[in-house]
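Take the given structure of chain A and dock chains B and C to it, following the hints.
Protein chains in written order, with our numbering: chain A, 1 to 53; chain B, 1 to 466; chain C, 1 to 125.
Honestly, the hints are just simulated from the structure, not real lab data.
Every value quoted in this text rests on a predicted model; they were computed, and no experiment measured them.
A portion of the hints provided could be inaccurate.
Derived DSS-like pairs (lysine-lysine); straight-line CA-CA distance at most 25 Å [what the hints assert, rightly or not]:
no.	chain 1	residue 1	chain 2	residue 2
1	B	448	C	67
2	B	462	B	386
3	C	67	B	282
4	B	448	B	462
5	B	190	B	335
6	A	26	B	335
7	C	67	C	50
8	B	190	C	67
9	B	128	C	50
10	A	26	C	34
11	B	335	B	128
According to the in silico footprint, chain B covers these stretches of chain C (three or more CB under 8 Å from chain B) [to be verified]:
no.	segment
12	19-25
13	53-67
14	106-117
Glycine residues also receive a C-beta, built at the ideal position from the N, C-alpha and C atoms.
As a plain string of letters, each chain reads:
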Amino acid sequence: MWVALSYACWGISIVLALWMLYDWFKIDTTYSEEMLTSSREGELEAVSEKHRI
Amino acid sequence: MTITAEPAVQVQGDRVSLLRVLGPAHVWALGVGIVLVGEFTGWNFAADKGGALAALIVCWIVGLLYTSVAMIDSEVTSTVAAAGGQYAQAKHIVGPLMAFNVALFLVFAYTMLEVSDAILLGDTIVAKAGVEGLNHNSFIAATIVVLAWLNYRGVLMTLNVNFVITAIAYVSIVILFFSVSPWTQGAVLKLNELVTPGNALPYGWIGVIAAFQFGIWYYLGIEGTTQAAEEVRSPARSLPYGTMAGMITLLIAAAMTWYVCASLMPWEYLGITYYPLWDAGKLTGSALLENLLFIATLLAALASANGCINDAARAWFSLGRDRYLPTWFSAVHPKYRTPYRSILFLLPIALAFAFIADLNQAITFSILSGVLQYTFMSINIIMFRKKWPLGSIRRGYTHPFHPLPAIVLFCLCVVTFFAIFLGFGSQLIAMVAFYFLISLWFHFYRYKFVRRGAQFTMPWPKPQGY
Amino acid sequence: MARYTPPEQSKAGQVFDIAVVVVAIFVALWLPLKLGLAGAAKSIDALDAKTWEALGQNPTMASIWEKLGYTPETAHDIIQNRFHYIIDWPTLIIMAAVLIGYFIFLFRASDREYRDVINEKFGDK
Numbered sequence: 001m002w003v004a005l006s007y008a009c010w011g012i013s014i015v016l017a018l019w020m021l022y023d024w025f026k027i028d029t030t031y032s033e034e035m036l037t038s039s040r041e042g043e044l045e046a047v048s049e050k051h052r053i
Numbered sequence: 001m002t003i004t005a006e007p008a009v010q011v012q013g014d015r016v017s018l019l020r021v022l023g024p025a026h027v028w029a030l031g032v033g034i035v036l037v038g039e040f041t042g043w044n045f046a047a048d049k050g051g052a053l054a055a056l057i058v059c060w061i062v063g064l065l066y067t068s069v070a071m072i073d074s075e076v077t078s079t080v081a082a083a084g085g086q087y088a089q090a091k092h093i094v095g096p097l098m099a100f101n102v103a104l105f106l107v108f109a110y111t112m113l114e115v116s117d118a119i120l121l122g123d124t125i126v127a128k129a130g131v132e133g134l135n136h137n138s139f140i141a142a143t144i145v146v147l148a149w150l151n152y153r154g155v156l157m158t159l160n161v162n163f164v165i166t167a168i169a170y171v172s173i174v175i176l177f178f179s180v181s182p183w184t185q186g187a188v189l190k191l192n193e194l195v196t197p198g199n200a201l202p203y204g205w206i207g208v209i210a211a212f213q214f215g216i217w218y219y220l221g222i223e224g225t226t227q228a229a230e231e232v233r234s235p236a237r238s239l240p241y242g243t244m245a246g247m248i249t250l251l252i253a254a255a256m257t258w259y260v261c262a263s264l265m266p267w268e269y270l271g272i273t274y275y276p277l278w279d280a281g282k283l284t285g286s287a288l289l290e291n292l293l294f295i296a297t298l299l300a301a302l303a304s305a306n307g308c309i310n311d312a313a314r315a316w317f318s319l320g321r322d323r324y325l326p327t328w329f330s331a332v333h334p335k336y337r338t339p340y341r342s343i344l345f346l347l348p349i350a351l352a353f354a355f356i357a358d359l360n361q362a363i364t365f366s367i368l369s370g371v372l373q374y375t376f377m378s379i380n381i382i383m384f385r386k387k388w389p390l391g392s393i394r395r396g397y398t399h400p401f402h403p404l405p406a407i408v409l410f411c412l413c414v415v416t417f418f419a420i421f422l423g424f425g426s427q428l429i430a431m432v433a434f435y436f437l438i439s440l441w442f443h444f445y446r447y448k449f450v451r452r453g454a455q456f457t458m459p460w461p462k463p464q465g466y
Numbered sequence: 001m002a003r004y005t006p007p008e009q010s011k012a013g014q015v016f017d018i019a020v021v022v023v024a025i026f027v028a029l030w031l032p033l034k035l036g037l038a039g040a041a042k043s044i045d046a047l048d049a050k051t052w053e054a055l056g057q058n059p060t061m062a063s064i065w066e067k068l069g070y071t072p073e074t075a076h077d078i079i080q081n082r083f084h085y086i087i088d089w090p091t092l093i094i095m096a097a098v099l100i101g102y103f104i105f106l107f108r109a110s111d112r113e114y115r116d117v118i119n120e121k122f123g124d125k
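Excised from the complex, chain A in its bound form (with noise of 0.2 Å):
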């Protein structure tokens, strides 16, 4: 049973990271990378909630 969990957990991890890295290279070619990066620091709470996509 233990080793049997072993394997899923390594299952899991390998679905996951693939996931993450399919998921970070469809948002990195949809959006424009000035757009990603425009979080700016002291930005009032109203403007961000506001702000919808």
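Quick look at chains B and C alone, frame taken from chain A:
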């Protein structure tokens, strides 16, 4: 005196920022979640260094240190509410190079703590399974990757999960405490037979000082609450409230943990076991308690690693945002609103160390970076009060008895450095040498890419003396 | 005061800087492990008589050790594995000097950079 209210940065066009969704309970979950694992492993190494009584003495004295940390942090952070926490504080109060170092302290302390959590979780499962040849690596990988994924997908879910698992782990300590009838010694608990005048302080007072090193582990990470500053709905209120509530919770948990563990096992064993509370569960003879504490150990490790990923990624993200490191790191995921590149970047680093380091070493790295950071905090608060005296800016919370907490904190940091010297002196020198070299790199090379005035984002008046 | 405009960093430069930081992190954390610097000075004070009394354990302690699956023989290496706290003055002085020097450098260099920041932020108002 005037208080400018306009935002420091003009906002235009398409912007993505971190999401403001968290409340005080999440702040509590982030702080206590990171720290509580310290009760399940780590604090007990203080008993190894100085005996059972030394572990109790440092529990209180280091508790005082952290109460100072929490008070100081609450004041500064309720005023400088930005992701990166102490990093943003250092940037506004001391200067860029200090900020760079503080961010590295944070990333190191949290990443190494995450590594310790993952190792603990892997080892606990392997110990429970008792299967020949079962390796802990798969459990370590799953812990780190699954939690990174959770963090990637959004901060609200991450901290909701943290709240639930932290609460369960905490309640299990309370259940253990009350089920061993703490009010009567002799039935289950045998404190006066296990801690005798002869063995209470086996190394004398030098042992008590040496124990400081692991006494830090009772509370290390509570200051991580400040990393959530840009995601909390009302930072000026939630951060002090969540941090202080967390500190009180932890003081109670630490006292209960010591009392139960010291009353159930001899200090020589307590000092070397990796699972003091799980062992305490076993020694009560109740299978229910044993299993409860086994699960609680896993949950506490998960909660801690989860919070650490959250905090380390925020600190790294802030470094990118100010161009202290390449701006590439400052990307925010447009859908999940998380610093996704920082999360992904730190993931393989954590994995690599979890596979090669052992628990004791990872803990020491984390403690070292933590103590360097507390030393900074004690000086930082004094400079903060000097540059912006009370009344010159709006503070969400003002801590009492200034400068007493800062002085206490500074003195206790000096003692802790001495304690680290007693066990891990050369490691401390190596670490400081690293920070020194990377500071030179930053000061003479990297800083040229940083915008000067733009990194000061708080709408404050000019500091006094400049 | 004139506003400082930082140079734009090329993609290759960014990648190189990330590599520098990663290598530095690994060296700082790995080297102490590799050189065997990590870990405290603990050594076993061996005893000839391996009984619970000789190991300084009273009957309550002995019963707990046994519950945990130890015999006096197996527990001997745990109980007698002791720290030897010796204050090595030269190392202590080096450590203190390194720490103090580091913090002095940090605060002084930060202050120089900070004055620029404040001048640029508040100078042109």
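Hints versus structure:
For the given pair, residue 448 of chain B sits about 63 Å from residue 67 of chain C by alpha-carbon distance, which is inconsistent with the 25 Å threshold. With a C-alpha separation of about 12 Å, the suggested pairing of residue 462 of chain B with residue 386 of chain B holds against the 25 Å cut-off. At roughly 9 Å between alpha-carbon atoms, residue 67 of chain C and residue 282 of chain B fall within 25 Å of each other, so this suggested pair holds. A distance of roughly 24 Å separates the Cα atoms of residue 448 of chain B and residue 462 of chain B; the hinted pair therefore holds under the 25 Å criterion.
In summary, the hint linking residue 190 of chain B to residue 335 of chain B is not supported, as the alpha carbons are separated by about 56 Å, beyond the 25 Å threshold. For the hint linking residue 26 of chain A to residue 335 of chain B, the alpha-carbon distance of about 12 Å falls within 25 Å, and the restraint holds. At roughly 18 Å between alpha-carbon atoms, residue 67 of chain C and residue 50 of chain C fall within 25 Å of each other, so this suggested pair holds. For a cut-off of 25 Å, the pair hint linking residue 190 of chain B to residue 67 of chain C stands: about 15 Å separates their Cα positions.
With a CA separation close to 30 Å, the supplied pair residue 128 of chain B and residue 50 of chain C exceeds the 25 Å bound. Using a Cα cut-off of 25 Å, the hinted pair residue 26 of chain A and residue 34 of chain C is violated, with the two alpha carbons roughly 40 Å apart. Simply put, residue 335 of chain B and residue 128 of chain B have alpha-carbon atoms about 40 Å apart, too far for the 25 Å limit, and the pair is violated. Look at the segment 19-25 of chain C against chain B: 5 of its residues bring a Cβ nearer than 8 Å to a Cβ of that chain, three or more, so the hint holds.
Here the segment 53-67 of chain C counts 8 residues with a CB under 8 Å from a CB of chain B, which clears the bar of 3, and the coverage holds. Counting residues of the segment 106-117 of chain C whose C-beta lies closer than 8 Å to any C-beta of chain B gives 11; at least three are required, and the coverage claim holds.
Consistency with the previously given hints fails for numbers 1, 5, 9, 10, 11, ordered from lowest to highest.
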